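Spelled out, the chains give:
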Amino acid sequence: MKLILAKIKVLSPSIRHFTLAPVSGTLPVAGAGAHVVLEIAGPGRVWKNAYSIISAPGAATYEIVVRRVEMSRGGSAWLHDHAQIGKVIEVQPPQNLFTPPRTARKHLLLSAGIGITPFLSYLHVPGLNYEWHHCGKAEDAAAFKALLPDAAHVTLHTGRNALNLAALLAAQKLDTHLSLCGPEAFMDFALATAEHAGWPAQKIHKESFGGATGGEPFTVHLRRSGHTINVGADQSLLDALEAAGLAPPCLCRGGACGECKLPVLAGVPAHHDHYLSATERAANDAIMICVSRAQTQELVLDF
Amino acid sequence: MGNKSRPIYAPFKLDVTGRAHLIVTNLAEPPLELAEGFDDITVWTVKTIGRGIPAPAAPGLRPFRAVAELLPQLAVRLAQATVGLRLYAIGSEAFIWDAFNVAITAGLDKAEIFVHHAGPLVRRVYCTHCRTMIEDVAADITPCPACGAHLFVRDHFSRRLAAFMGVIVDAEVPGEVPAAEALTS
Ligand code: FES
Chain A
0 MKLILAKIKV LSPSIRHFTL APVSGTLPVA GAGAHVVLEI AGPGRVWKNA YSIISAPGAA
60 TYEIVVRRVE MSRGGSAWLH DHAQIGKVIE VQPPQNLFTP PRTARKHLLL SAGIGITPFL
120 SYLHVPGLNY EWHHCGKAED AAAFKALLPD AAHVTLHTGR NALNLAALLA AQKLDTHLSL
180 CGPEAFMDFA LATAEHAGWP AQKIHKESFG GATGGEPFTV HLRRSGHTIN VGADQSLLDA
240 LEAAGLAPPC LCRGGACGEC KLPVLAGVPA HHDHYLSATE RAANDAIMIC VSRAQTQELV
300 LDF
Chain B
0 MGNKSRPIYA PFKLDVTGRA HLIVTNLAEP PLELAEGFDD ITVWTVKTIG RGIPAPAAPG
60 LRPFRAVAEL LPQLAVRLAQ ATVGLRLYAI GSEAFIWDAF NVAITAGLDK AEIFVHHAGP
120 LVRRVYCTHC RTMIEDVAAD ITPCPACGAH LFVRDHFSRR LAAFMGVIVD AEVPGEVPAA
180 EALTS
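Order-wise, the sequence lines are chains A and B. Letter by letter, the first sequence follows residues 0 to 302 in numbering that gives the first Met the number 0. Letter by letter, the second sequence follows residues 0 to 184 in numbering that gives the first Met the number 0.
Same shape as in the complex, but just chain A (with noise of 0.2 Å):
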């Protein structure tokens, strides 16, 4: 669908807000965890980014937040430099694979960074009990700040181990769930933290968005199409093959899903997702295109 891109508003050198407007009719609605996947035409090629929409469900728009990334992830470049009001955006409708748990009674949300996204939208739920911690750089606290409720369970914590993550952890009740969002590192060390106190899988949730940070270039032979294609620099291998016109499985884009498991034939992959076991990722027989890369030069994939 066709979206026109309203409103712009700055909130920190690196953190954009963006209103989208449907061009006619009225928008899917999008439920709290939905994202949209973006197409932004770049010089030479296109890029799909997944945004969470922030706005409440049935809004007449919806409302994103976007970090300039530096590094590949073009898209977001190009939102913040080139993006103009009333410029025409062709945009995927929403698919929601991070709603809130439906059996948990209490939410510990954590996020990190851009990772803020996905629990704006939780905050439309009627009723949802909560804590909130929020990590972020101190040069973005005001943005944060500006997003973030003002209520006593919502915590921003700035700076290096402001947040005692293990004893948060170690003192939530049993019925609670813990939902994640953030960069791969944060997720990581959360997810360590977590499983280092005894909280079990089925009590985790986790989103993340953003995880292709882009790394040495490779090469990737597709055994049954027949195909060899260059990663670039900047470039995911899930880019890098929609580029060549394939149209492998995926969803969220970000490692989180599980749709875009492809299976290694040949070569070694470098795992960045947050979806295969430790175990899956030892065995270096699948991998998630939206966010793994190679360790070794060629990677040979059964598709």
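These aren't lab readings, by the way, just hints derived from the structure by calculation. Values in this document were obtained by computation on a predicted structure and should not be read as measured data. Quick reminder that beta carbons are idealized off the backbone N, C-alpha and C, glycines included. Treat each hint with caution, since some may be false.
Here are the simulated DSSO-like cross-link-like pairs (lysine-lysine), alpha carbons at most 30 Å apart as the crow flies [as the list claims (entries may be wrong)]:
1) B:K12 to B:K46
2) A:K1 to A:K86
3) A:K144 to A:K172
4) B:K46 to A:K47
5) A:K260 to B:K109
6) A:K6 to A:K144
7) A:K6 to A:K86
8) A:K8 to A:K172
9) A:K172 to B:K109
10) A:K136 to A:K8
11) A:K105 to B:K109
12) A:K105 to A:K172
What follows is a list of derived Cβ distance ranges for each label pair [what the hints assert, rightly or not]:
13) B:K12 to A:T218: 44 to 52 Å
14) A:H195 to B:K12: 49 to 57 Å
15) A:A232 to B:V15: 38 to 46 Å
16) B:T104 to A:A151: 36 to 44 Å
17) B:F37 to A:A269: 35 to 43 Å
18) A:G257 to B:V15: 21 to 29 Å
19) A:G85 to B:V15: 52 to 60 Å
Which stretches of chain A does chain B cover? Using the computed rule of at least three CB atoms under 8 Å from a CB of chain B, they are [said to hold, decoys possible]:
20) 172 to 183
21) 195 to 204
With chain A's structure known, arrange chain B with the ligand on it following the hints.
This is chain B with the ligand only, laid out in the frame that chain A set:
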């Protein structure tokens, strides 16, 4: 055999991913050797020494006089406990699934609960005729103390009721009740 509604129990073992472990049993002793190397283990038993006086407690051990006292205390304990706890219920199927249901109500996930069938081969039977629960049935045919029906104890187990289904055995020809046999599983 092969009855889908009959739960299958894995051998008892403590879950290494847990931070604390609570073992509850309706037996006088938990029928197991507790593994070394686990710090935080509590065991709740049902044990009396004559006339309903609870046995003295050793460290980490809390004897109750009756299951009817243990289960409400389990709800209280779980409401205070923090994530990282694993619950193990050991004993009769009626007891372990009652404990399981208390734990689910308290917010535990199935992955945090382990049930293990042990002790005498007795079943709680649900009279499908008058909905009475009959405790400690040891034979495959039993009279219902409430409505007098002769019930055949099926292998069909309801986890919600923590009971086996008892169906009228002489529905076709009233009074024709086959001889009862001891339960073997
Ligand atoms: S698209 Fe969701 S894990 Fe890759």
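Check your understanding: Which numbered hints does this structure break?
Key -> 4, 8, 14 and 16
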